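Novice: Listed below are the residues making up each chain.
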Amino acid sequence: MEAWLNRLMMRGVFGAHPIPVLVYASGIAIACALVLFAIALPFASIVTWVERRVWARIQSRIGPNRVGPNGFLQWLADGLKHICKEDIIPAEADPRLFKLAPYLVVLAFILPWAVMPFSSSLILADLNVGILYMTAVTALTVVGVLMAGWASNNKWSLIGGVRSAAQVVSYEIPAGLSIFPVVLMTGTLSMQGITRAQGWSPDRWFLFASPFCFAAAIILFVASLAENNRTPFDLPEAESELVAGFATEYSSMRYLFFFMAEWGNMFVSAAIIVTLYLGGWRFPHVSPSPIAMNLLEFATFNIKVLIIVFVSMWIRGTLPRVRIDQMMSLCWKYFVPIAFVNLIGTAVWVAIWPAGNPFAAWSMLAVGVLLAAFFVRRVVHFARRSRMELYFHPTI
Amino acid sequence: MGAAATYFRHLREAVVSIFDGMAVSASHLIRRPYTIQYPDRMPVRVQDTLPFRYRGILDVDLEICTGCLACDRACPIDCIAIAIEKNAATREIVISQFDIDLAKCMYCGLCSEPCPTGAIHHTTEFEGADFSLESLIRRFIAEPVVAYKAKKGAEPDVAVADLLTRGMTYVDEWAQPGSDKPAAVAAAPQAAVAPVVPVPGPGK
Amino acid sequence: MSMLRTEEMTLNMGPQHPSTHGVLRFVIRTDGEVMREAIPDVGYLHRSIEKIAEKVGYHGFMPYTDRVDYVCAMFTNQAWGMACEKLAGVEVPRRGEYCRVIAAEFNRIASHLLTVGLMGMDIGAMTPFVHALREREMINDLIEELCGARLTFNYMRIGGVAWDLPPGWRDKALAYLDHLEPIVNEFNALFSYNKICIERLAKVAAIGPADAIDYNLVGPNLRAAGVNWDVRRDLPYSVYPEFDFEIPLGSGEWGAIGDAMDRYMMRIRELTQSARILRQALTQIPDGPVLAKVVRNFKPAAGECQVRVESARGDQGWYVVSDGTSYPWRVHVRTGSFAAMGMIQKLSRGLMIADLVVLIASLDVIAPEIDR
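Residue numbers (this note's numbering), protein chains in the order written: chain V, 1 to 396; chain E, 1 to 204; chain P, 1 to 372.
These are calculated hints, taken from the structure and not from any lab test.
Only a predicted model underlies this, so the values are computations on that prediction, with no experimental measurement involved.
Think of the CB as a built atom: it goes at the ideal place given N, C-alpha and C, for glycine as much as any other residue.
Possibly wrong hints are sitting among the right ones.
Below, a list of computed lysine-lysine pairs in the DSBU-like style, where the Cα atoms sit at most 30 Å apart [claimed, not checked]:
1) P:LYS195 <-> P:LYS346
2) P:LYS55 <-> P:LYS299
3) P:LYS346 <-> P:LYS203
4) E:LYS104 <-> P:LYS51
5) V:LYS333 <-> P:LYS195
6) P:LYS55 <-> P:LYS86
7) E:LYS86 <-> E:LYS149
8) V:LYS155 <-> V:LYS85
9) P:LYS203 <-> V:LYS155
10) P:LYS293 <-> P:LYS55
11) V:LYS99 <-> V:LYS81
12) P:LYS86 <-> P:LYS299
13) V:LYS155 <-> P:LYS346
14) E:LYS104 <-> E:LYS86
15) P:LYS51 <-> P:LYS299
16) E:LYS149 <-> P:LYS293
17) V:LYS85 <-> V:LYS99
18) P:LYS55 <-> E:LYS104
19) V:LYS333 <-> P:LYS86
20) P:LYS51 <-> P:LYS86
21) P:LYS293 <-> P:LYS51
22) V:LYS99 <-> V:LYS155
23) P:LYS293 <-> P:LYS86
24) P:LYS299 <-> E:LYS104
Ranges of calculated distance between the beta carbons of each label pair, as one might list FRET restraints [stated by the list, open to error]:
25) E:ASN87 <-> P:ARG279: 50 to 60 Å
26) V:HIS381 <-> E:PRO39: 30 to 40 Å
27) P:ALA210 <-> E:ALA4: 32 to 42 Å
28) P:GLY32 <-> V:GLU92: 16 to 26 Å
29) P:ASN297 <-> V:GLU86: 53 to 63 Å
30) E:THR123 <-> P:ASN297: 24 to 34 Å
31) E:ASN87 <-> P:PRO15: 27 to 37 Å
32) P:GLY32 <-> E:ARG45: 49 to 59 Å
33) E:ASP40 <-> V:GLU92: 40 to 50 Å
Beyond 12 Å from chain E on every Cβ pair, some chain V residues (computed) [what the hints assert, rightly or not]:
34) TYR24
35) ILE30
36) PHE43
37) GLY68
38) PHE72
39) ALA77
40) LEU80
Could you put together the complete structure from these sequences and hints?
Specialist: Structure below.
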């Protein structure tokens, strides 16, 4: 579309007047927006289905399994249902802000997709400040949430919105500090640059580059949970305390927007972690065809992201919610100091071993594998200990 | 020292306990789910899996109803309405009305307990939703019927024999006051392993 | 900080709120997240059950007692039966008493499972709640087979129980008890010993022994405060003296004695103790009748009596006055939840909104029991 508009421009269809240029610019913008929407929405929606199924299985349930194969089209049914519902705006609410808030939240979730490095060529814009842009636009969510909480004119919503503001702003700091170690090592902010600095094999991922990087990756993951209002940091919408928090008064599609953004943001934060620490789309060079390589890289990237998303769902199925003062002390007493230590430690590490330390990488990888093995043992232990074969009902 | 030790103890406890918790929830990913996909995706109707004592919607077998009004008297909320007339000539009891208001009924089982023949009994049906209160009143009698009367010493009527057997099984299920009936548990020893299928009541 | 001008906010929590366990209402005065006070407002679930007793007679009131506390209805059944038997001097057959104890202790396990699960849900973890309900469901299946209902049992009668144990039921019940213990351990690993859970519950709304007695707390809440009192042992009724079981006590090992964590762990420990009683009861149960001979038109002599049972929510007192007719002249129920509600206003000062939810869940208040 851009090329087509460019051709029209070359032919002088628009002339040199300002209005045609504006038309041209908005045409580009609409085209980009459509592409972003088309990419972002299915991802967010599929994540909802995966989450509900995973969550259900953790709770000994089945989850949605009626619409489509294994309930895969449940997100479509839910979306249609929400569109068909009445859009209620409370009489006492501030109607303009109330209507605007969900769009801001969705905006904050759509914008990061512009620099999402799906593969070596599949990226909309490889900005040289990619990761900075990413953190900047994801922080927009809080504006929408705060606006929703304020405009609803409901005390529960207000508490939810203010909680969200406090939480997201606090956790920006450890998250930002956990991004810097990678920037220190690569010397670039570009998403593609960071990905290319890593290799396809785990020992050349930044996760295992140094113990500091490992800690930074975990802090980044937990901070991203907090920024996305995910359990154990779902205080802004804590349903047992605040009814539904900032979304209490919302209904219909506007309500859905908040949750679409939440699930979409899970994908975005996971993509940041994968790009920074888990080698991004890197895949061994197995085929000379660029198309095949790009497809493989795309698949690698998505599988890694979905694994991180799965872990965050799994955490949601396990952990209770922290209290607001604990959330704050966790951030300021634990994460921020540790993140600073990581940053300084990485700086020292890079000064000593500018090209990385393969021995450290391999030994950390070994420790990781051992931990995973121990974890699997615990899982099997719990699965065997409580006798789930004992049922009293014949129809299970 | 103390503060630093507490700091690291908190960190360690958090990591260890969350590690274990995650192992438990992961172990449920590899177990079978417990959901019953009521009502359509079940191998048998759920009503057929319910125990014999299940107190579902009330039903009345008028053929073996003696018209003794014991159920009417026992009902704490008066949801049973029975009208009987005594035919002076034949000395028979004629039941002209037998209504149960299921909207009022609280499924306590007090009515079926004193019934001598098990005519009024709970079924395993429980899907009682309806569109109007009026349709929840079950009217069991269209035109007056003669009440059942047990013939002393004689064999029961062939027409109602089956119903009577079922009714008496139902009555026998209730504890008889003071009777030293051999305990059911001792009488029917089951396999030690938990049966997957619930033991059906004797009436099924 | 005093330079900042703050404004007090009044929040209405309930009657429709996800974590008020029924229709309860709290008027909360807060300063931001910190509560100045939470004032409970009860009466939204009042159904005049005590008055109904004066209208339906002794036998007919039994199903209504289910509704006094529908989470553990066996205890209210048992209390009503005991009160009537005491008035009329009816002797319950031994097998009947055993059946009562078995049903009641199963109901206690079910009720405590619901409580610990709800605690999970109230602090934001859905999985423990669903797991606890899954276990409770198995008990419901057992009780359904025993008495035909899953919630409002109406199992007991004046003079015994309405049904004997069905064939094969005992083995199923014993198999369930074997199954329960690993499940409790798993539940602890998943939730109780989780660091976040401990941080949320420990040192929240601690109730000392003196306060607990002053405010009339009963049952697990009282024992969590370190007061060694259990009606089953101290004012023995039914066949409880024949069983060997421990009364767990709050020790304050997570911070303060009688805090929310102590009250929560009290329920977890009582699960195993109930299982222990059940094992003994199911193996010792004698043969014989389960129901004494009681006339249909039950007319106890004029007089009054008071019975106490240890329900899942604590010492439940039933006071019945008879005037010699077939209807009781007055019935009064003294429930643990109502007393616990009186404590909330005092405990809530200085807590956070999130802690109020924990406080309600840890006191295990159940709306129908508060209002009757």
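Novice: Compare the distance between the alpha carbons of LYS104 of chain E and LYS51 of chain P with 30 Å, and conclude whether the hinted pair is satisfied.
Specialist: At roughly 19 Å apart (the allowed maximum being 30 Å), LYS51 of chain P and LYS104 of chain E satisfy the hint.
Novice: The output says LEU80 of chain V does not contact chain E. Does that hold with a beta carbon cutoff of 12 Å?
Specialist: Holds: least Cβ distance 22 Å, greater than 12 Å.
Novice: Hint check: LYS195 of chain P vs LYS346 of chain P, CA-CA at most 30 Å. Holds or violated?
Specialist: Holds, at roughly 28 Å.
Novice: When you take the CB atoms of ALA210 of chain P and ALA4 of chain E, is the distance between them in 32 to 42 Å?
Specialist: The hinted range 32 to 42 Å holds for ALA210 of chain P and ALA4 of chain E, with Cβ atoms some 37 Å apart.
Novice: For the pair supplied as a hint, LYS104 of chain E and LYS86 of chain E, is the alpha-carbon distance within the 30 Å limit?
Specialist: With a Cα-Cα distance of about 29 Å, the restraint between LYS104 of chain E and LYS86 of chain E holds, given a limit of 30 Å.
Novice: The output says PHE72 of chain V does not contact chain E. Does that hold with a beta carbon cutoff of 12 Å?
Specialist: Holds, because the least Cβ-Cβ distance between PHE72 of chain V and chain E comes to about 17 Å, which exceeds 12 Å.
Novice: Please verify that the nearest CB of chain E lies beyond 12 Å from ALA77 of chain V's CB.
Specialist: ALA77 of chain V clear of chain E: closest Cβ-Cβ about 17 Å, beyond 12 Å.
Novice: Below or equal to 30 Å on CA atoms is what counts here, so check LYS86 of chain E against LYS149 of chain E.
Specialist: holds (13 Å)
Novice: Does LYS86 of chain P lie within 30 Å of LYS293 of chain P when you go C-alpha to C-alpha?
Specialist: Roughly 15 Å between the alpha carbons, so the hint for LYS293 of chain P and LYS86 of chain P holds.
Novice: Check whether the Cα positions of LYS299 of chain P and LYS104 of chain E lie no farther apart than 30 Å.
Specialist: The hint holds at about 27 Å.
Novice: For the pair supplied as a hint, LYS51 of chain P and LYS86 of chain P, is the alpha-carbon distance within the 30 Å limit?
Specialist: Roughly 21 Å between the alpha carbons, so the hint for LYS51 of chain P and LYS86 of chain P holds.
Novice: Next pair to validate is LYS85 of chain V with LYS99 of chain V; report whether the Cα-Cα distance is within 30 Å.
Specialist: With a Cα-Cα distance of about 16 Å, the restraint between LYS85 of chain V and LYS99 of chain V holds, given a limit of 30 Å.
Hint compliance for this structure: hints 19, 31 are broken, all remaining hints hold.
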